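Novice: Place chain B on chain A using the hints.
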Amino acid sequence: MSSVVDKVWATLEPLTDPEIPVVTLRELGILRDVRETPTGLEVVITPTYSGCPAMGQIEDDVRASLEQAGIAARVITQLAPAWTTDWMSDEAKEKLRAYGIAPPHRTCGSGAGEVSVLKFVRRQPTEPVACPQCGSTHTVVTSEFGSTACKALYKCLDCQEPFDYFKPY
Amino acid sequence: MSTPIDYLLHLADNAVVLGQRNAEWCGHGPILEEDMALANVSLDLIGQARLLYQRAAELMGGDATEDKLAYFRGPHEFRNYTLLELPHHGALVGYAAADRDYATTIVRNFLYSALMVHVWDGLQQSADPSLAAIAAKSLKETSYHLHHSRDWLVRMGDGTEESHARAQAAVNHLMPYTEEFWTTSPAEGAAVAAKVAIDVWALRPAWDALVNDALAEATLTRPNFHGYVTEGKVGLHSEHLSYLLGEMQGLARAHPGATW
Numbered sequence: 001m002s003s004v005v006d007k008v009w010a011t012l013e014p015l016t017d018p019e020i021p022v023v024t025l026r027e028l029g030i031l032r033d034v035r036e037t038p039t040g041l042e043v044v045i046t047p048t049y050s051g052c053p054a055m056g057q058i059e060d061d062v063r064a065s066l067e068q069a070g071i072a073a074r075v076i077t078q079l080a081p082a083w084t085t086d087w088m089s090d091e092a093k094e095k096l097r098a099y100g101i102a103p104p105h106r107t108c109g110s111g112a113g114e115v116s117v118l119k120f121v122r123r124q125p126t127e128p129v130a131c132p133q134c135g136s137t138h139t140v141v142t143s144e145f146g147s148t149a150c151k152a153l154y155k156c157l158d159c160q161e162p163f164d165y166f167k168p169y
Numbered sequence: 001m002s003t004p005i006d007y008l009l010h011l012a013d014n015a016v017v018l019g020q021r022n023a024e025w026c027g028h029g030p031i032l033e034e035d036m037a038l039a040n041v042s043l044d045l046i047g048q049a050r051l052l053y054q055r056a057a058e059l060m061g062g063d064a065t066e067d068k069l070a071y072f073r074g075p076h077e078f079r080n081y082t083l084l085e086l087p088h089h090g091a092l093v094g095y096a097a098a099d100r101d102y103a104t105t106i107v108r109n110f111l112y113s114a115l116m117v118h119v120w121d122g123l124q125q126s127a128d129p130s131l132a133a134i135a136a137k138s139l140k141e142t143s144y145h146l147h148h149s150r151d152w153l154v155r156m157g158d159g160t161e162e163s164h165a166r167a168q169a170a171v172n173h174l175m176p177y178t179e180e181f182w183t184t185s186p187a188e189g190a191a192v193a194a195k196v197a198i199d200v201w202a203l204r205p206a207w208d209a210l211v212n213d214a215l216a217e218a219t220l221t222r223p224n225f226h227g228y229v230t231e232g233k234v235g236l237h238s239e240h241l242s243y244l245l246g247e248m249q250g251l252a253r254a255h256p257g258a259t260w
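Read top to bottom, the protein sequences are chains A and B.
All the letters of the first sequence, read from the start, carry residue numbers 1 to 169 under this note's numbering.
All the letters of the second sequence, read from the start, carry residue numbers 1 to 260 under this note's numbering.
With the rest of the complex left out, here is chain A (with noise of 0.2 Å):
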């Protein structure tokens, strides 16, 4: 890797995602990959959400601080293969758990080579979700749809706290 990729990877470093500032968007899985190519450096990004409010801003602050540091780099949006929550590490997933975000399970997979017609209504996710706060699984959905398109709101039978549960997707 030559030492001017290494210099953006740096340089973006420390960019959260704008609603859950305790994680990065390399994290995430959002920031994918910096090359250099003939017609100068290119900086991939994926959305989430295909209409996450979020990456207009992301996109933002991935150029003024590639202004800032004096780089010149497009910025490219790229779809395929499609963000998934399985991409997020397993220390951003701890980082979510300590803010009060339970952090999401591992993707089903597309289903895809399934006979059964019904296989999208099989519920997500089949293995509990833990409370993020006291840690009991003993937890219920109260809504599939949370403060975000991300996540869902979930309630502890046990502490009683309502939390949001990052979906996995």
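Treat the hints with care, as some may be off.
Said to hold, decoys possible - With a straight-line Cα cutoff of 20 Å, these simulated DMTMM-like cross-link-like pairs (lysine to aspartate or glutamate) come out:
1. B:K68 - B:E58
2. A:K155 - B:D151
3. A:K7 - A:D33
4. A:K155 - B:D35
5. A:K95 - A:E161
6. A:K7 - A:E59
7. A:K95 - A:D6
8. A:K95 - A:D164
9. A:K93 - A:E36
10. A:K155 - B:E58
11. A:K95 - B:E58
12. A:K7 - A:D60
Said to hold, decoys possible - Distance ranges between label pairs, derived from CB positions:
13. B:G74 - A:A69: 40 to 50 Å
14. A:I71 - B:W260: 42 to 52 Å
15. B:A194 - A:S147: 35 to 45 Å
16. B:A252 - A:E67: 26 to 36 Å
17. A:R63 - B:A252: 21 to 31 Å
18. A:Q133 - B:P30: 25 to 35 Å
19. A:Q133 - B:P223: 26 to 36 Å
20. B:H28 - A:V4: 48 to 58 Å
21. A:D33 - B:G227: 28 to 38 Å
Because the hints were derived from the structure by calculation, they are not lab data.
Only a predicted model underlies this, so the values are computations on that prediction, with no experimental measurement involved.
Just so you know, even glycine gets a beta-carbon here, dropped at the ideal spot from N, CA and C.
Specialist: Below, chain B alone, put in the same frame as chain A:
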């Protein structure tokens, strides 16, 4: 073979029209959690529409942009299913906002997302790599929309006498509009021929199974329907689309190029 732009517009118009319709609940949801849920579903749909319009604009070239496609086409140019433009109430109720019926909202979201999980799943193999990428993302989002609407369908249908009656009325009102899913428009035919789209007809057994299973769990009856088939996807819409677009496009048309 090139990607039929009309087919992309059909998918995009579906998403933007239902996204706009569902957004009417923002600030008016029956409970706070549902207010947020519908706003989130709308965000996903409008996000999907943006990606599709961007792809269509890219293929059209010239001065085409996602905003021009969304804000500066008239109702007759929209290619969405008629189902998605209908107000949140049955055919015979008045227009007042207070008449919005959540059962209608839920049943429509269920019928549409039950179709779209299969459509997006199939489109992941589209010959258009951009559309395949959009489909892979949209499938993840639509799966959540399906879970959400199916949950509420069962709760309402298998709920109180009142909620059951309203859910059944919504099913009776909306089910005939789903006949439009199974006809082939010229845009769809061209897209299937180009291997950009999948043949929706082939998805019908899977959709039927999903719908019948949910209706049975919700103790609701599927109405028989034979008769008039709506043709929103070829541009022949109900009167409701003009009002919806009037609200959605008004600002962009009154102040072209405005930013804030």
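Novice: Does each hint hold? Answer for all of them.
Specialist: Against the structure, the hints come out as follows:
A threshold of 20 Å between alpha carbons decides the hint, and for B:K68 with B:E58 the separation of about 12 Å falls inside it, so the pair holds. Straight-line distance between C-alpha atoms of A:K155 and B:D151 comes to about 18 Å, which keeps the hinted pair within the 20 Å bound. Under the criterion of a C-alpha separation no larger than 20 Å, the hint pairing A:K7 with A:D33 is consistent with the structure, at around 13 Å. Between A:K155 and B:D35 the alpha-carbon distance is near 18 Å, which keeps this suggested pair within the 20 Å criterion.
The hinted pair formed by A:K95 and A:E161 meets the criterion: a straight-line CA distance of about 19 Å does not exceed 20 Å. With a CA separation close to 18 Å, the supplied pair A:K7 and A:E59 stays within the 20 Å bound. Taking the CA atoms of A:K95 and A:D6, the gap is about 24 Å. The hint is violated against a cut of 20 Å. Simply put, A:K95 and A:D164 have alpha-carbon atoms about 14 Å apart, close enough for the 20 Å limit, and the pair holds.
For a cut-off of 20 Å, the pair hint linking A:K93 to A:E36 is broken: about 30 Å separates their Cα positions. Between A:K155 and B:E58, the direct Cα distance comes to roughly 45 Å. Violation of the 20 Å bound is thereby established for this hinted pair. Taking the CA atoms of A:K95 and B:E58, the gap is near 39 Å; set against the 20 Å cutoff, the hint is violated. For a cut-off of 20 Å, the pair hint linking A:K7 to A:D60 stands: about 19 Å separates their Cα positions.
For B:G74 paired with A:A69, a C-beta distance near 47 Å keeps the hint of 40 to 50 Å intact. Between A:I71 and B:W260 the Cβ separation comes to about 29 Å, which falls outside the hinted range of 42 to 52 Å. At about 41 Å, the CB distance of B:A194 to A:S147 agrees with the hint of 35 to 45 Å. For the pair B:A252 and A:E67, the beta carbons lie near 30 Å from each other, so the given range of 26 to 36 Å is met.
In this structure the hint that A:R63 and B:A252 lie 21 to 31 Å apart at CB holds, the actual value being about 25 Å. Hint check: A:Q133 to B:P30, Cβ distance near 29 Å, so the stated range 25 to 35 Å holds. Checked against the given bound of 26 to 36 Å, the beta carbons of A:Q133 and B:P223, roughly 48 Å apart, lie outside it. Separated by about 52 Å at the C-beta atoms, B:H28 and A:V4 satisfy the suggested range of 48 to 58 Å.
Between A:D33 and B:G227 the C-beta distance comes to about 54 Å, which lies outside the given range of 28 to 38 Å.
Consistency note: the structure conflicts with the earlier hints numbered 7, 9, 10, 11, 14, 19, 21.
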